[in-house]
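Residue numbers (our numbering), protein chains in the order written: chain A, 1 to 245; chain B, 1 to 259.
List time: in silico DSSO-like cross-link candidates among lysine-lysine, alpha-carbon distance up to 30 Å:
1. B:K247 / A:K203
2. B:K242 / A:K203
3. B:K241 / A:K194
4. A:K140 / B:K152
5. A:K140 / A:K83
6. A:K21 / B:K239
7. B:K247 / A:K190
8. A:K176 / B:K152
9. B:K200 / B:K168
10. A:K237 / B:K97
11. B:K247 / A:K237
12. B:K97 / A:K96
13. B:K247 / A:K38
14. A:K140 / B:K154
15. B:K247 / A:K176
16. B:K154 / A:K203
17. A:K203 / B:K152
18. A:K203 / B:K239
19. B:K239 / A:K144
20. B:K152 / A:K210
21. A:K10 / A:K21
22. A:K144 / B:K242
23. B:K247 / A:K140
24. A:K194 / B:K242
25. A:K87 / A:K38
26. A:K38 / B:K97
27. A:K21 / B:K152
28. A:K21 / B:K97
29. B:K242 / A:K140
30. A:K21 / B:K154
31. B:K241 / A:K21
32. A:K140 / A:K10
33. A:K194 / B:K152
34. A:K144 / B:K247
Hints were generated in silico from the structure; no laboratory data involved.
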Amino acid sequence: MARIVYPEAKYMKEIIDSLGKIVDEVAFQLTPEGLRVKAIDPARVALIDIYLPQTAFLEYDVPEEIIAGLSTANLSKLLKKVKKGDKFVMEVSEEKVVIVIEALVRRTYRFRNLEVPLPEVPEAQLEFNVEAQMLVDVIKHAIKDAETVGDLLELEAPDQETLYLRGRGVSVTETKLTMGMPALLSLEVKNPSKSAYQLEYLKHVVNLTKIAELATIRFSTDMPLELEFSLSEGRVKYLLAPAAI
Amino acid sequence: MIEYIKCSSNNECVEIIKNAVRNKELIIIFGKYTVDYQGRAASKLTEGERFVIIKQDGAIIIHRPTGYSPVNWQPSTSVIEVVERDDKVVLTAIRNKPREIVWVYFSEIYGIIHGKLVDQGEFIMYMDEHEIRDILYENPELIEKGLRIIEKEKPIGNGYADLFGIDKNNVPVIIEIKRISASRDAVLQLFNYVKIYENKTGVKPRGILVAPNFTSSAIESIHKLGLEYKEINLQLLWKYKKAREIKHGTLLEFLEKKK
Numbered sequence: 001m002a003r004i005v006y007p008e009a010k011y012m013k014e015i016i017d018s019l020g021k022i023v024d025e026v027a028f029q030l031t032p033e034g035l036r037v038k039a040i041d042p043a044r045v046a047l048i049d050i051y052l053p054q055t056a057f058l059e060y061d062v063p064e065e066i067i068a069g070l071s072t073a074n075l076s077k078l079l080k081k082v083k084k085g086d087k088f089v090m091e092v093s094e095e096k097v098v099i100v101i102e103a104l105v106r107r108t109y110r111f112r113n114l115e116v117p118l119p120e121v122p123e124a125q126l127e128f129n130v131e132a133q134m135l136v137d138v139i140k141h142a143i144k145d146a147e148t149v150g151d152l153l154e155l156e157a158p159d160q161e162t163l164y165l166r167g168r169g170v171s172v173t174e175t176k177l178t179m180g181m182p183a184l185l186s187l188e189v190k191n192p193s194k195s196a197y198q199l200e201y202l203k204h205v206v207n208l209t210k211i212a213e214l215a216t217i218r219f220s221t222d223m224p225l226e227l228e229f230s231l232s233e234g235r236v237k238y239l240l241a242p243a244a245i
Numbered sequence: 001m002i003e004y005i006k007c008s009s010n011n012e013c014v015e016i017i018k019n020a021v022r023n024k025e026l027i028i029i030f031g032k033y034t035v036d037y038q039g040r041a042a043s044k045l046t047e048g049e050r051f052v053i054i055k056q057d058g059a060i061i062i063h064r065p066t067g068y069s070p071v072n073w074q075p076s077t078s079v080i081e082v083v084e085r086d087d088k089v090v091l092t093a094i095r096n097k098p099r100e101i102v103w104v105y106f107s108e109i110y111g112i113i114h115g116k117l118v119d120q121g122e123f124i125m126y127m128d129e130h131e132i133r134d135i136l137y138e139n140p141e142l143i144e145k146g147l148r149i150i151e152k153e154k155p156i157g158n159g160y161a162d163l164f165g166i167d168k169n170n171v172p173v174i175i176e177i178k179r180i181s182a183s184r185d186a187v188l189q190l191f192n193y194v195k196i197y198e199n200k201t202g203v204k205p206r207g208i209l210v211a212p213n214f215t216s217s218a219i220e221s222i223h224k225l226g227l228e229y230k231e232i233n234l235q236l237l238w239k240y241k242k243a244r245e246i247k248h249g250t251l252l253e254f255l256e257k258k259k
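Using the sequences provided together with the hints, build the complete structure.
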């Protein structure tokens with residue numbers, strides 16, 4: 001039996017909404033160190049990897065590893081109306097998972113603990129030629145802009161100083177970031193790189209910009225994109241295969 | 001080749017099904033049976049006459065004689081076992097992840113159809129209005145030569161015109177798209193946009209209704225109201241859709257390469 005209490009149910013809502021866009025069922029892996037969720041979409045194009053250390057929780061009582069298998073649609077439904085400051089409680093046993101939303105009232109939901117297999121993904125570390133840390137709003141706006149013109153977001157780092165986020169379609173939208181701009185905190189370019197990613201998949205994580213201040217993007221030419229959202233404690237990584245154009 | 005067999009004993013039925021499963025054939029078994037399921041939930045179906053379909057990839061579907069949806073199913077199976085037990089033919093289909101088991105207990109088997117089917121055809125599903133709009137936005141020549149599209153989902157009054165552009169004579173064009181047969185309501189909707197635009201700007205735009213076909217009352221109204229229509233070929237649009245689809249490799253290709 002494990003019990004965890006997360007201080008901000010609204011954060012959990014955004015995370016689960018993103019998960020729900022790529023999988024129907026998800027395995028929450030509770031270990032003594034923290035909560036981990038890994039989910040890969042059925043087409044194997046996108047992977048979400050979430051890690052919240054035990055210090056991110058108000059209460060974290062997980063004596064040994066246990067998995068909570070839940071339907072993302074059910075979770076999204078119950079989290080739909082959570083308000084800022086509501087607490088998210090999860091109690092897990094082999095048989096069932098109890099979710100409690102502690103707000104002005106206490107709402108309890110009991111689910112059967114589904115046998116959701118953990119995704120089999122090779123634990124390989126990809127190497128990236130470009131790493132940039134920026135305010136999340138830059139990514140959010142670049143995705144929204146790109147949607148108005150087409151289906152792709154192209155990232156290009158032509159030199160050590162510049163990063164472009166372009167929407168590509170019938171016309172082009174372009175966000176240019178150069179070192180020194182307040183929105184771009186760091187940029188490291190080992191090799192000039194350019195790669196494009198499908199917006200349909202990027203849209204899945206756009207709501208995570210509501211709960212993070214900073215995001216790090218990592219990519220190389222025609223290689224996957226890693227988008228990392230830093231939470232106050234913990235992080236959400238999103239790995240996305242490049243689009244072949 | 002597809003064969004229909006009416007087996008004379010349970011033992012013969014077991015052998016036929018076993019062989020067909022081994023050869024990854026499509027199998028349809030008609031009979032009287034009960035079904036038990038255990039997995040993420042549990043269910044029990046009491047005895048009745050119905051049929052089981054085992055597909056070439058191991059998917060199992062159990063249908064009752066009425067209704068379109070199956071009563072039990074297994075999207076994929078790791079093991080399919082067939083044995084004779086207590087005067088019954090017992091089919092066990094096991095799915096490993098998640099662990100789910102379906103047991104079918106046949107008290108009687110009326111007949112078995114089995115054989116290999118080859119199907120390399122493409123499933124063509126026609127598009128929704130947004131997809132049609134996006135293809136026409138990128139390829140306005142499908143509506144008219146010389147047409148330039150400026151905006152999609154242009155707000156006009158309380159609604160949104162699907163496309164807005166300028167024709168070769170620099171006359172504004174408001175385009176409304178319908179995925180299926182366009183009715184008189186669609187014509188009136190377009191006419192409303194045309195009037196609002198004209199009142200607001202003082203310029204009379206052209207209004208074109210785009211659809212795969214039109215009801216006779218729609219065509220009559222189009223003529224009466226001074227609008228135009230353009231019939232689109234959905235199969236042609238489908239080809240455009242296929243061409244603009246973004247191809248993806250999978251993440252596994254990159255991660256496994258790295259490994």
